[in-house]
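Asks: Keeping the supplied structure of chain B fixed, place chain F upon it in accordance with the hints.
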Amino acid sequence: MTRTLLAPVRALGRGTRVFTLAVGSWGGLVIDAVRALRWVQIWAPLTLRQMTRIGVDSVPIALFIAAFTGIVLALQASYTFTGAIPLYFVGVLVGKTMMLELGPVLTGLALSGRVGANISAEIGTMRVTEQIDALETLAYPPVAYLVVPRVIAGTIMFPLVTALAIAMGIVAGWITAIQLLELSTPEFVNGLKLFFLPFDVTYALIKATSFGFVVTSIGCHFGFNTKGGAEGVGRSTTGAVVASSMVILVLDAFWAVLLL
Amino acid sequence: MSIEIDGIHKAFGDNQVLRGFSVEAREGETLVILGHSGSGKSVTIKHVVGLLQPDEGEVRVDGERVGGMDIEELFRLRRKVGFVFQFAALFDSMSVADNVAMGLRRMKEVSDEEREERVREALRVVDLVGFEDRAPSELSGGQRKRAGIARAIATRPGYLLYDEPTTGLDPITRAVVDRLINRMKDELGVTGIVITHDMESAFRVADRLAMLYEGKCRLEGTPDEFRNSEDPVVRAFIEGRPELMEEAE
Chain B
1 MTRTLLAPVR ALGRGTRVFT LAVGSWGGLV IDAVRALRWV QIWAPLTLRQ
51 MTRIGVDSVP IALFIAAFTG IVLALQASYT FTGAIPLYFV GVLVGKTMML
101 ELGPVLTGLA LSGRVGANIS AEIGTMRVTE QIDALETLAY PPVAYLVVPR
151 VIAGTIMFPL VTALAIAMGI VAGWITAIQL LELSTPEFVN GLKLFFLPFD
201 VTYALIKATS FGFVVTSIGC HFGFNTKGGA EGVGRSTTGA VVASSMVILV
251 LDAFWAVLLL
Chain F
1 MSIEIDGIHK AFGDNQVLRG FSVEAREGET LVILGHSGSG KSVTIKHVVG
51 LLQPDEGEVR VDGERVGGMD IEELFRLRRK VGFVFQFAAL FDSMSVADNV
101 AMGLRRMKEV SDEEREERVR EALRVVDLVG FEDRAPSELS GGQRKRAGIA
151 RAIATRPGYL LYDEPTTGLD PITRAVVDRL INRMKDELGV TGIVITHDME
201 SAFRVADRLA MLYEGKCRLE GTPDEFRNSE DPVVRAFIEG RPELMEEAE
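From first to last, the protein sequence lines are chains B and F.
1 is the number of the first residue of the first sequence in the numbering used here; add one for each residue after it.
1 is the number of the first residue of the second sequence in the numbering used here; add one for each residue after it.
Treat each hint with caution, since some may be false.
Said to hold, decoys possible - Quick list of simulated restraints, FRET-style, between CB atoms:
(1) Thr202/B to Ser93/F: 32 to 40 angstroms
(2) Leu188/F to Val56/B: 43 to 51 angstroms
(3) Arg35/B to His9/F: 28 to 36 angstroms
(4) Met246/B to Gln53/F: 33 to 41 angstroms
(5) Met246/B to Leu188/F: 50 to 58 angstroms
(6) Ser137/F to Thr238/B: 19 to 27 angstroms
Since the hints were derived computationally from the structure, they do not count as laboratory data.
Each residue gets a CB set at the ideal place from its N, CA and C atoms; glycine is no exception.
One chain only, chain F, in its complex shape:
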């Protein structure tokens, strides 16, 4: 059980975003992918669920090549990989409960009663009990993120991909979301990939980290290996000191 991103290249027009990026999320761990804004982090995880196809290289989930999947195989893959979007991407026209139930409605094996039970369970896990009938527009930023996580876990996926889950949140809500990510791993055994440039959050949730820089993996290792790295690019990023990078260049 793992997600392997193997030497992927991706360009949008003249903009070459990924230039052979490789990383692996192993079973039961949370892998954090770090990188500057616009470095291609979100582009990377969109390849995992087949929202984008690499120009070169490949992504494998449980050993299966995502690039070679037909639409039905992609649907099966997406049932085992939950995706938490940066701004939650909740459906405006639906209540919170209907948002959470969306993925379950596509699962024929889930009865109406079980669906309702799973929605309640997912909202309980993210502490949103009592918010079932609210519209997404009536939620705060943190509540929206938690509703997005509830929607992603309702189908009980083996993997969760978090696209900048703490961006735009206050420090307390950030800590709440980080705690939630750790609970997903500890209580549900979910393998996670977290995309972020929030170092405090990264160190709180990461079992391992990988830094995406200029389309490639600059460093992959444990939180301690990152803290002790002497690579000026890595140090500049984790300490928020651009002058280190300028010196290195």
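In isolation and in its complexed conformation, chain B is listed as follows:
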């Protein structure tokens, strides 16, 4: 009886222990990555390629998501505002929402699937096929070779991709407003400018930068700690996507509390 009652407490304890160890292990990898910055000749040539893979190759999916988000935002704003609030507020809502929330968060979540899963699967496969050990035997520090270029590339490219996504979302909202709603371009632009603050862009880019850092570093962490062949690679990949998605949402709230 007592054992049954204590089971949830034990499970909570186990979960807390696993979570704490995972955070500690991720933190250790981040510290190793900072230390590995001294091997510039190893990570620098690889960073540009990772910026292409992580950033440039992610642009189509980010723009696709942003475009449809912009369309839906414009239509929902019009549906909500009609008869109550001037319709040019559609521009306010599309601009503010894309910049402050949906641009960074949806791009972050989409890229945590695309980039985080890719990094985790690639490094995880290298781990289980001893390619990481091979790197070490060839006198390459694996963190400098695998982690640093990816984390730098993600941290630089996520804000750029997010900026493009925000622009695409606003353009899609504007086209929707002038084509499907009774709104002109000047009205939409007036709405867009009405509550615009340059800080909105800074806020979006700060969030996107932090998302880029966590998605890539968490992907690397799960990849590095992969065990047990193909099944282990699958487990790591899923873990990386779930963990980075959750951290993105927590960070989203954290930045809102801290900066707004």
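Replies: Showing chain F alone in chain B's frame:
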């Protein structure tokens, strides 16, 4: 010039793999370490290049303690100890030539021209000329092993560690790889440690053998000493007769 493995202990959680294993690979010889699957053979040679650190005991290469080395010293050590992995561990995203050139890229003293020459030379030694631009996925098992050996010898190491170099190969390819191991010793003067449980291959390449059993060295000696051993554990292993071991227990 030698590799000394001196009384190393290693445990992974509750699993005590090595319990004071000692053996020495002397200059210019090929030492074969035998043992059952999971006996700790691969764990042992990973200590030689500092991929693992022993819980107790120490490994010395040319008299230098591997355990006390910092990362730069480990890099220097790894340039003189080539490692051939069980499944080659070639980098999937690179061509065969790029794989072979990887270690050389870390050697500042090697120019681009010399690097290309050394890659060609290493591929010639393992009979893979013409395979430079192939991806690892386009190679057969034997070709992958030979490409792994080419990568390990490109930096001209004094030592080569082979982790089960003939596992999963057909008899002809096994003989080819064994011949290659002997060529490394005879032509390049490389000191080798070969990890295997393939007895035919072991006797083809070994100058001396050591059997790892229950974390310790059960027997160390020449091929003839192994063939003539009356230790039931050794006999059971080299003859592939588990009943001898059961009788001994």
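Asks: Would you mind marking each hint as holding or not holding in the structure?
Replies: Quick rundown of the hints versus the structure:
1. Thr202/B to Ser93/F: 32 to 40 angstroms: holds (37 angstroms)
2. Leu188/F to Val56/B: 43 to 51 angstroms: holds (45 angstroms)
3. Arg35/B to His9/F: 28 to 36 angstroms: Roughly 29 angstroms apart at Cβ, these two residues keep to the hinted range, so it holds.
4. Met246/B to Gln53/F: 33 to 41 angstroms: holds (34 angstroms)
5. Met246/B to Leu188/F: 50 to 58 angstroms: holds (53 angstroms)
6. Ser137/F to Thr238/B: 19 to 27 angstroms: Cβ of serine 137/F to Cβ of threonine 238/B: about 25 angstroms, so the range 19 to 27 angstroms holds.
Checked against the numbered hints listed earlier, the structure breaks none of them; every hint is satisfied.
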